[in-house]
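So the sequence lines, in the order shown, correspond to chains G and S. For the first sequence, my numbering gives the first residue as 1, with consecutive numbering after it. For the second sequence, my numbering gives the first residue as 1001, with consecutive numbering after it.
I should point out that these hints are in silico values taken from the structure, not numbers from a laboratory. We put the beta carbon where it would ideally sit given N, CA and C, even for glycine. Some hints could be false.
[As the list claims (entries may be wrong)] Label pairs and their in silico Cβ distance ranges:
| # | chain 1 | residue 1 | chain 2 | residue 2 | range |
| --- | --- | --- | --- | --- | --- |
| 1 | S | Lys1338 | G | Arg246 | 53 to 63 Å |
| 2 | G | Ala398 | S | Pro1421 | 39 to 49 Å |
| 3 | G | Asp328 | S | Thr1123 | 22 to 32 Å |
| 4 | G | Arg246 | S | Arg1098 | 28 to 38 Å |
| 5 | S | Asp1157 | G | Asp328 | 57 to 67 Å |
| 6 | G | Asp167 | S | Arg1096 | 25 to 35 Å |
| 7 | G | Arg115 | S | Pro1421 | 11 to 21 Å |
| 8 | S | Asp1092 | G | Asp167 | 27 to 37 Å |
| 9 | G | Gly150 | S | Ile1242 | 45 to 55 Å |
| 10 | S | Arg1523 | G | Arg218 | 26 to 36 Å |
| 11 | S | Glu1266 | G | Val370 | 21 to 31 Å |
[Stated by the list, open to error] For the chain G half of the interface with chain S, some residues (derived, Cβ under 8 Å), not all of them:
| # | residue |
| --- | --- |
| 12 | Thr236 |
| 13 | Phe240 |
| 14 | Ile300 |
| 15 | Arg304 |
| 16 | Ala306 |
| 17 | Arg330 |
| 18 | Pro333 |
| 19 | Asp337 |
| 20 | Ala338 |
| 21 | Gln389 |
| 22 | Pro390 |
| 23 | Asp406 |
[Said to hold, decoys possible] Not the full set, but computed from the structure, chain S residues with beta-carbon under 10 Å of chain G:
| # | residue |
| --- | --- |
| 24 | Ala1024 |
| 25 | Val1231 |
| 26 | Glu1411 |
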Amino acid sequence: MAKAVGRPAPARRALALHRRLMRFGQAESTVAEPWVERDTTVQAVAAHLARLWTTPLEGTDSKVTEKGMSHARASVLNLIVMVPDEASASRVVETMIGLGVRHPSRAIILVADPRAGGPTLSASITAHCHAGPEGAEPICFEVVVLTVHGEAAEHLSGIVAPLLIHDLPTHIWWPGDPPFADPIFDQLVEMGDRVVVDSDEFGDLLRGLRRLTTLRRRSGVGDLAWRRLAWWQELTAEFFDAPRFRRYLPNLNRLVIRYAVPSTQKPRRRKPVGSKPVASNVTSPLAGPMLYAGWLASRIDWKRYATTEPLEDGRLRLKLEGRHEMVDLRIEPFETDALTPGELVSVRMRAFGETGAAEFIIERSADEAVVASNADGMTALLRRMPMEQPNESELLAADLGMDQHDPVYEAAVRAAAVFLASARQVDLAG
Amino acid sequence: MSTRGEQADSEAARPAAARNPLRAGLRLDRMPEPCTMVIVGATGDLTERKLAPALYNLMLGGALPPEFTVVGFARRDLTAAQFRTHLRKGIDEHSRNRPVKAAIWDSFSEGIEYQRGEFHDATAWAALAKRLERIDRDRGTSGNRLFYLAVPPNLHDEIVRQIGAAGLAGARGGGDPRYRGWSRVIVEKPFGSDLASARKLNRQLREVLDEDQIFRIDHYLGKETVQNLSVFRFGNGLFEPIWNRRYIDSVQITVAETVGVEGRGESYDETGALRDIVQNHVLQLMAVFAMEPPVEFKAADLRDEKVKVLRAVKPMSPAEVEASTVRGQYVSGWVEGKPVPAYREEPEVPTNSDRETYVALKFAIESWRWAGVPFYVRTGKALPTRVTEIAVQFKQAPLALFSRAGAPPLEPNILAIRVQPDEGILLRFGAKVPGPGLQIRGVNMDFRYGSSFAVDSPDAYETLLLDCMIGDASLFTRDDEVERAWEILDPIVDAWAAGEGGRLHLYPAGSWGPAAADELIEREGRSWRRP
C-alpha cells in the first residue's frame, strides 16, 4: 500500500478521517481483528459481513450448546450514520462508544465526498461483543465504516442497501446541519424507517423545522433537541399530575422561557459540561425553547394570535389564544457560560384560578434545578433536584428505542414552526 | 355505591395519560398521584429484599411523584433514622441498579418515616392515622394511602380491621366522609390454605374494604414474560389461530427450584408444593396462557377471562387424583455440585414428615378451545436447575414423509415460553442436516429479552407497586380467582389425605423428581422436557 505522503490532499484527509472513525473499533470490545480494505467493492464488504459471525470468535466462549450459539446476535436495528466532515467524525465516534449495550445490531458509518479523488470505496469492519446485563449473554454487533469518493458518493443508497441486515428497521442519524435540499438527503432518508437529527444544529432553524413537518417516515423523525427537553417536560407535567393543580392548566396565561446563550458572541462552541464527552456546534440555540413552547401549546390547544415583539437578538414575544385565556408567550436569551447554548434556563408559567394567581416555576443552574409552585393559596412547594444532563450517547440510545412516529413531537414541531415564522414575520404558509 | 367506589371505578377505567394532557407521549405516561405507602410489618425480610429496592428503582426512573412518602409500621422500636438505614441496606444489597445514587437516595429518604406500634393496639393505629394526616398536609399526599401487608396471613384480618377502625380505609370503612383520597391494600400470598380459609379471609377483608381496594400480589404476574405472553398471543396474527386443541397436543408447565426449604422448614411443612406453588403461580400462568382474548386489555376483562379458564378446570374425583397426581419428597443428593440434606433432615422439619416437596399433575381445561389437551404441571424443590417455563407441544405432521425404517419419530414442534431465568421464547422445529442424506434434526429459534432489548427488565415488584399506585389491578388476583383455585385443589388435598394417590415418592435432590412422575406422562406417549 502506498504511503500517505504524496497523495492528493483530499484523499489524505479522507484516510485520516477513516482512521479516526476506526478508533471506535479500537475503543470497543472488539472480538475479531478489524477488517480494513482500501479500494474495495460492495460485494467484498457484504461477503465479509456474512462470514463475520459464522466462525467462532476469539475471546468469546464459542461453545455451541443445545440451546444455540452462545453469542446471541441482537437483531434489532440497522443504523446508518452520515458523517458530513472530520469534526463530526470524532464526535460520532464518541457518541457511538457511549451507546454501550444499547447499540444497534449493525452500524454503517458513511463518509461521502463527491469531490474527492482516490479509491471509490474503502471499508473497515469491526465486530464487538458487550457483556449483557447481569448473567445474560453478550450482545454482539458490527460496525462498518465506509468512505465513498467521487461520483459514487452521489448514489449512496446502492452502496448501503446490500449491507443492511434484512428485515430489520433502519434508522438514519444525520448529525449537524443536514442538506435538506440536496438529493442525497432524500435518497438516504428513503432507505430509513426513521431519521434522527438534532435541530439545535440546523443552519436555518425555520427551514429545518418546516422540512421536518413534511418528512414522512414509517417510524417517524427523531430529534435529539427534543430528547433534551424530556427532563423539562417531565417536570412540567408533574405540576399538573395532582388533580387539584390540573384545573389551572387550561387557565395558564403566561409562559416565559429563558434559554442559554454564551455571554460573549464568540466562540459558539459547546463546552464539555459534566459527563458530556463531545463538543458539538449549536447553531440554533432557539430550537429547544421553540420546541418546548410548541409542545406546551399543542398539548393544551394554544393557537398563534399575534406577534407582540418580533424576533430580535434571540428574543421574541407572541400572543396566543388559549381555550379560556389569551396567553403571553415570551422567549428570552439568558447569557451564561455555565450551560450549553440552547439549553433551557427557566420556565415560568402563570394562571388565574378561583383562588387567585398560581405560579409554576422551574429554574436551573449548572447542576441543580429548583422546582416551585404557588397555587391554591398554598405554601409554595419548593424542591431542589439534581440536574440530569444526558449526553449525546444517551439521547441517541433513547431515540434508537423508538420505532414509531411520535404525534406529540410532530404537533410540537408544527406549532414551533408557526410560532417562529410568526416571530420572524415571514409568510406563515411558507 | 359509595363515592370511594365510584372514584376507584372511574380511575381504573381511565388511563392516567388522558387525565393530564401533558403526560401524553412522555416516557412516563402513567404517573401515580402523590401517595403514602404504609408498610405494615416493615422490619421484615420482604421490605429489605424486595420493597425497598423496588421503590428506589422506581424513584431512580422518575416513576414516583416527588411527594411520595413511605411509613414503616412495625413492632420493633426503631427511630426513623434506623428505619432508613434498614431500607438503605436492602437497596445496597439487592437493588438491580447499584451503587446507589446519593441524590436519589437523599430525596427518597426525606420521605421515609417510621411508626412503632403493635398491630392489635388501636392507639398505635390512631397515631399512624394522625401521622398520615400530617404527611398529607406537609407533603401534599392528598389522602392517598397504600397499605402493604408484609406480615403473615394470620394477621391480615386484625390489621385490616384496625385500618378500618382508624378511619384509614376510605368512606366505606366508616372513615371521615369528607375524605377524598384513595386507600388500597396489598396482601401477599398465601391467600388462605383451603377454600374455607380463603373465603373467610376474603370475607374479613371485604368487611372493611371493597374488592377494588384489595390488591392480592402474585409476583409471577409482574414478570415481563408473563405480560409478554399476552402480547405474544394477542399482538401477533401468527400464533392465536393455532392456540387451540386442533394444533396443540399438550402443554407442560414447569416451576423448578434448585433450593431446598432453606430456613422456612416449619412454614413449608405446613404448606407443601401444591399449595405453595400450584395454587397461585402455576394456575395463574395457566390461566394467562389459556384464556380467551379479553374484550379490552383492562383489569376487569382480563380477570374475567382468567377466572373462566379456572372455572373450566374440572375438580378431580378421588380416582382422577389417584391417576393424575404424583407427590414427591427429596432425599439427600447433590444440587449444583453441593450436597443437599434430605428434606426430613432440614431444620424445623419433622423427621417423619410426609409433606410433598414435589408435585406432578395433569389438569384438563374443559372448554371448547382446550378440551382434550392435557396440561402437565410439575413443580419441586431441589431439582437440577432453576427454571419456570410453559412449553407447548404441537401435533405432529399428519404423515411421516421423512421417517426411515428404524429411525426414531421426528421431534414434535415445541414453543417454550421461559419465565425465568433468561426470559424469552424459543421455537423448536425440524430442519434438514446439510448433506446428501435426508436427516432431520431439531433446531431452536431463540428470542431472549437480554440479547434483543439491551435494557434491564424491571423487577416484578416495581411493576406491581407502580400498578397498584396507579390503580391498575390487571396483574393482581381477584377474590373469585383465588377461591376457584382452591376449589380445584381442595379435592386433591382431600383425596391425598384419604390415601388416594397420596403415596409419597422419594427422589434424590438434584434429580428431576420421582420416577412415578415420568410414568404419569409417559403412559400417555409423551415425556417431560429437560429445560
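Each hint, compared with the structure:
1. Lys1338(S) with Arg246(G): 53 to 63 Å: Holds, since lysine 1338(S) and arginine 246(G) (Cβ atoms, about 57 Å apart) stay within the stated range.
2. Ala398(G) with Pro1421(S): 39 to 49 Å: About 27 Å separates the Cβ atoms of alanine 398(G) and proline 1421(S), which means 39 to 49 Å is violated.
3. Asp328(G) with Thr1123(S): 22 to 32 Å: At 55 Å between Cβs, range violated.
4. Arg246(G) with Arg1098(S): 28 to 38 Å: Taking Cβ atoms as reference, arginine 246(G) and arginine 1098(S) lie about 36 Å apart, which means the hint holds.
5. Asp1157(S) with Asp328(G): 57 to 67 Å: Given range 57 to 67 Å: holds, Cβ gap about 59 Å.
6. Asp167(G) with Arg1096(S): 25 to 35 Å: holds, 32 Å
7. Arg115(G) with Pro1421(S): 11 to 21 Å: violated, 55 Å
8. Asp1092(S) with Asp167(G): 27 to 37 Å: Distance hint for aspartate 1092(S), aspartate 167(G) is violated at roughly 44 Å.
9. Gly150(G) with Ile1242(S): 45 to 55 Å: Holds: the Cβ-Cβ distance is about 54 Å, inside 45 to 55 Å.
10. Arg1523(S) with Arg218(G): 26 to 36 Å: violated, 53 Å
11. Glu1266(S) with Val370(G): 21 to 31 Å: Since glutamate 1266(S) and valine 370(G) have Cβ atoms about 54 Å apart, the given range 21 to 31 Å is violated.
12. Thr236: For threonine 236(G), the interface hint holds, since the closest Cβ of chain S sits about 6 Å away, which is under 8 Å.
13. Phe240: Hint holds; phenylalanine 240(G) Cβ to chain S Cβ min 5 Å, cut 8 Å.
14. Ile300: Where the cut-off is 8 Å and the nearest Cβ of chain S is about 6 Å from isoleucine 300(G), the hint holds.
15. Arg304: violated, 19 Å
16. Ala306: violated, 24 Å
17. Arg330: violated, 20 Å
18. Pro333: For proline 333(G), the interface hint is violated, since the closest Cβ of chain S sits about 25 Å away, which is over 8 Å.
19. Asp337: Constraint on aspartate 337(G) not satisfied, violated at 24 Å.
20. Ala338: violated, 19 Å
21. Gln389: Given a least distance of 13 Å, the restraint on glutamine 389(G) is violated.
22. Pro390: Violated, about 12 Å.
23. Asp406: holds, 6 Å
24. Ala1024: Since chain G brings a Cβ to about 6 Å from alanine 1024(S), closer than 10 Å, the hint holds.
25. Val1231: Violated: closest Cβ of chain G sits about 14 Å from valine 1231(S), beyond 10 Å.
26. Glu1411: violated, 12 Å
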